[in-house]
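For reference, the chains in residue letters:
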Amino acid sequence: MADLGRFALLAALALALYALVAGMLAGRTRRAEIAASAGRALGAAAALEGVAAAVLLVALGTRDYTLRYVAAHVSNAQPLLYDLTAFWGGMEGSLLLWALVLSGYTLAALRTVRRQRPALVPGVAAVCAGTSSFFLLLLTTVASPFATSPFPPSDGRGMNPLLLNPWMAIHPPTLYLGYVGLTVPFAIVCAALASGGHDDAGVLVARRWLLWAWYCLSMGLWFGAKWSYVVLGWGGYWAWDPVENAALMPWLVATAFIHSVMIQERREMLTRWNVVLVILAFGLSIFGTFLTRSGVLSSIHSFTQSPLGAYFLTFLALALLVGFGLAAWRWDRLRSRHELDAALSRESAFVLNNVLFLAAAFAVFLGTVFPVVSEALGGRAINVGPPFFDHVVVPLALGILLLMGVGPLLAWRRASLDHLHRQFLAPGAAGVLAGAGLLGAGVRPAGAALAFALCAFVAATIALEFARGVRVRRAHRGESAVWALGALVLRNRRRYGGDIVHLGMLLLACGIIGSSAFATQRLATLAPGQDAAIGEYRVRFDGLAQETRGGALSIIGRLRVFAGTRDLGAFEARRNLFLRSQDATTDVALRSTPRDDLYVILAGWTADGRATLRLLVNPMMMWIWAGGLVLTAGAVIAMLPERRAAPQVAVPAPGVSAGGAWSPGGL
Amino acid sequence: MSAVHPGRVGQRRHTLVFVCGAAAIVVALAYLVYGGIQQGATYWVTVGELEQRAGALPARVRLGGTVAPGSVRWDASHRHLRFAVTDGVHTLPVAYAGVVPDIFSEGRQVVVEGTLGRDGTFDATTLLAKCPTKYTPADPASSR
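Protein sequences, first through last, are from chains A and B.
Adding 978 to a residue's 1-based position in the first sequence gives its number in our numbering.
Adding 35 to a residue's 1-based position in the second sequence gives its number in our numbering.
Pulled out of the complex, with its shape left as it was, chain B reads as follows:
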């Protein structure tokens, strides 16, 4: 339909340039995504899975569960936080130092990211708490 313009060959060349450019972008994007996944990927696990298969999992994992009631302990200066995460059956102690979200409290769902130490304590570097009003949990019992 491009009878308006002379030089269809030239246009085909431009289309070729354009297609090559698009392909280059797709490849670059794939490369970026691959690198990003390498950097950022962490497995989601529950407390039970982490206890049973600690050896088979990568060192760094994302652990989801509920803050066990009565387990939250701060040190004197409120710098270090210790609490336990439970999935209802298994319970795991967690140590964390960092910004604690306001919505963190006992009985709330949390996600901690970090590694399981030799002494059986989970050293968390990130602590996320699920906002109870923003996230309406579909099924609190089985979410993980």
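One chain only, chain A, in its complex shape:
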């Protein structure tokens, strides 16, 4: 079986290399049959990767411990579902997943590109094949999932119990869908630059792919935060860990692109900038995979000691060289047709938003690689922790939040002061009222109250957008308000999908502000029957219990929670001790309401039955999770194909609204 898997990967590598050469040759000679041959080779490579993946899945499912990978990530006691998710629980398997997802994307991309821009097919095939070749090279040399051991153990080591969680089962594949999805825009842009004759540099074709990758990255980050909150038992959801930053950086760059591409569509400006963003996003996705899979950021020395690190950095350098090299070669052709008309316009708001997003991405990058850079420059590794990120990223995020409210109110090309006055009066008043109200109600720190006021301002601008659209529809067609709202969103999916995504981000921002500014915690050691108060809650400790389940001994702190005199019911805070592996996991007692979360960790216990509890009240956590759901709704609406999609891609006429026939809000 293992031989079949190994053979399939080797054959896939050969086919991918062939497709790389054939694609480049087809691009040079412009012969369609060579390009078709490259496409067929990629199809066959995808099938072979599918075979390899099936072999690995069967081996994981049947617990075939002759494979080292299976022995390392599966154990007899592990539930079958998690045996299968062990596919992406380790490095080799997740690289195989990368290659497999890339092949799927490649085939889909070739189909759509063949329809929209046939001239780009050879280039897309070549770039995708090149990236595939790299991952297949890793899979057949330094990171083979099919390595066997001559003396297979009778039981495997299994995954770390922390990973045995539904959120962790879906978090990596979602994130990978995003990372890998950034390859396709890169391939399209490289193909357009190489073949020439595409004044948009392929950016407009790449947009939809990048949007999808952006959405997957968002969801991946969201699932990861949820996992961290529910499973890791430290009360937080984001720790500026290098692995988290690895996913945040491409997300920031992709978010910048989603905004700036609109300017290219409408005004044929910023083409160069968008090309750079696509290349950067791809580079960061490779960098992120590398970080997640090697964790080498503590020291520069481990860079050179890990064979994987050298491979990844070489590929990254090569990819950036190709991308930026092609961009430099066509630089003059990508000149903007128009220039900024006025400093006060929607375009300049978008440009500023892009600068802020890139500044945030740069700050995160700098903080993440700081130990390595400082060691290379000064000989000593210096770490910058969460204080650095909070200090740098929070002001940038607030600036972005402000622009989220201001941008949609500004007219394209040139905003008049009179117009601005009308636009900003109501939302501005809402913001000021909210701020004054919160400060008057004694909300401190004042910074948090002001941040909420900013959120209120942005929410008012979004509400106003919807209200205007609904009013216009009702006036023209006499529809009911609900019907008009639904029709409005569905007929202008990109615009209102974007607004809904903004609403989701706003909920997320409120959740982050609330939970980081107003969280309280305390530690209490209680005997049975005693209680501890935190916030409005009173937690009574009702004694310890024990239970063995799935190879783990669980110590259970039985709790009863009261709010005032109201009984909120029984809760359990557990600590699970895995006897074989010295691992321990925490199951927190969690009660969520839109107002706040009560989060209780069983920190310790004594022989005489007392327990030490860590009690936290995290306000507005639910808003973060709700924000993710709203963001999903908005992204799905924005990604649904428009009914009149075709003319948009072909020749974007300057100044013509791609939205609806009517244009409220100074469009």
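Be aware that a few hints might be false.
[As the list claims (entries may be wrong)] Which residues of chain B face chain A? A partial, calculated answer using Cβ under 7 Å:
1) V54
2) T77
3) T81
4) L116
5) R117
[Claimed, not checked] DEER-style ranges, computed between Cβ atoms:
6) A/L1555 <-> B/G56: 52 to 60 Å
7) B/V124 <-> A/G1082: 23 to 31 Å
8) A/H1399 <-> B/V52: 50 to 58 Å
9) B/R153 <-> A/D1368: 28 to 36 Å
10) A/R1544 <-> B/F53: 52 to 60 Å
11) A/Q1094 <-> B/V54: 34 to 42 Å
12) A/R1538 <-> B/V124: 32 to 40 Å
13) A/A1217 <-> B/C55: 48 to 56 Å
14) B/E86 <-> A/E1514: 45 to 53 Å
[Unchecked claim] Non-contacting residues of chain B with respect to chain A, defined by C-beta distances greater than 10 Å in every case (computed):
15) A57
16) T101
17) R108
18) T156
Derived by calculation from the structure, the hints in this document are not laboratory data.
Built from N, CA and C at the ideal position, the CB exists for glycine as well.
Given chain A, work out where chain B should sit, using these hints.
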């Protein structure tokens, strides 16, 4: 190429405004980054380095190493944790009170942040443990 629009002078003025704005943002970012580094920077050290050059290092450092087997002690109420961090040669006692990561256990790699006390105990305010499956250590013997 902007023959479509009259008034190139005005446009140049806008470009100037834009360039000035970009410069202001870059300066602001540099200022933010500088402040952030001032706030958040801590040195990475190994146990051996900390013992030899304690005086030459800033008070607050990040210490990396392995939890010495058999050294983990909790107090009765499980509030305070004591253990020893070793780099294979030198060993240093650590005291910590706070959230202990689930993956913390003897023999695992940890990073503690804090200060070295007069009595030779490292007072840690942060305790991070490396997740063995998420981070595949490149070379466990020499990582720090």
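To see whether the hints hold, each was checked on the structure:
no., hint, in the structure
1, V54, "violated (11 Å)"
2, T77, "holds (5 Å)"
3, T81, "violated (10 Å)"
4, L116, "violated (9 Å)"
5, R117, "violated (13 Å)"
6, A/L1555 <-> B/G56: 52 to 60 Å, "holds (57 Å)"
7, B/V124 <-> A/G1082: 23 to 31 Å, "violated (50 Å)"
8, A/H1399 <-> B/V52: 50 to 58 Å, "violated (21 Å)"
9, B/R153 <-> A/D1368: 28 to 36 Å, "holds (31 Å)"
10, A/R1544 <-> B/F53: 52 to 60 Å, "holds (58 Å)"
11, A/Q1094 <-> B/V54: 34 to 42 Å, "holds (36 Å)"
12, A/R1538 <-> B/V124: 32 to 40 Å, "violated (51 Å)"
13, A/A1217 <-> B/C55: 48 to 56 Å, "violated (37 Å)"
14, B/E86 <-> A/E1514: 45 to 53 Å, "holds (49 Å)"
15, A57, "violated (7 Å)"
16, T101, "holds (13 Å)"
17, R108, "holds (12 Å)"
18, T156, "holds (20 Å)"
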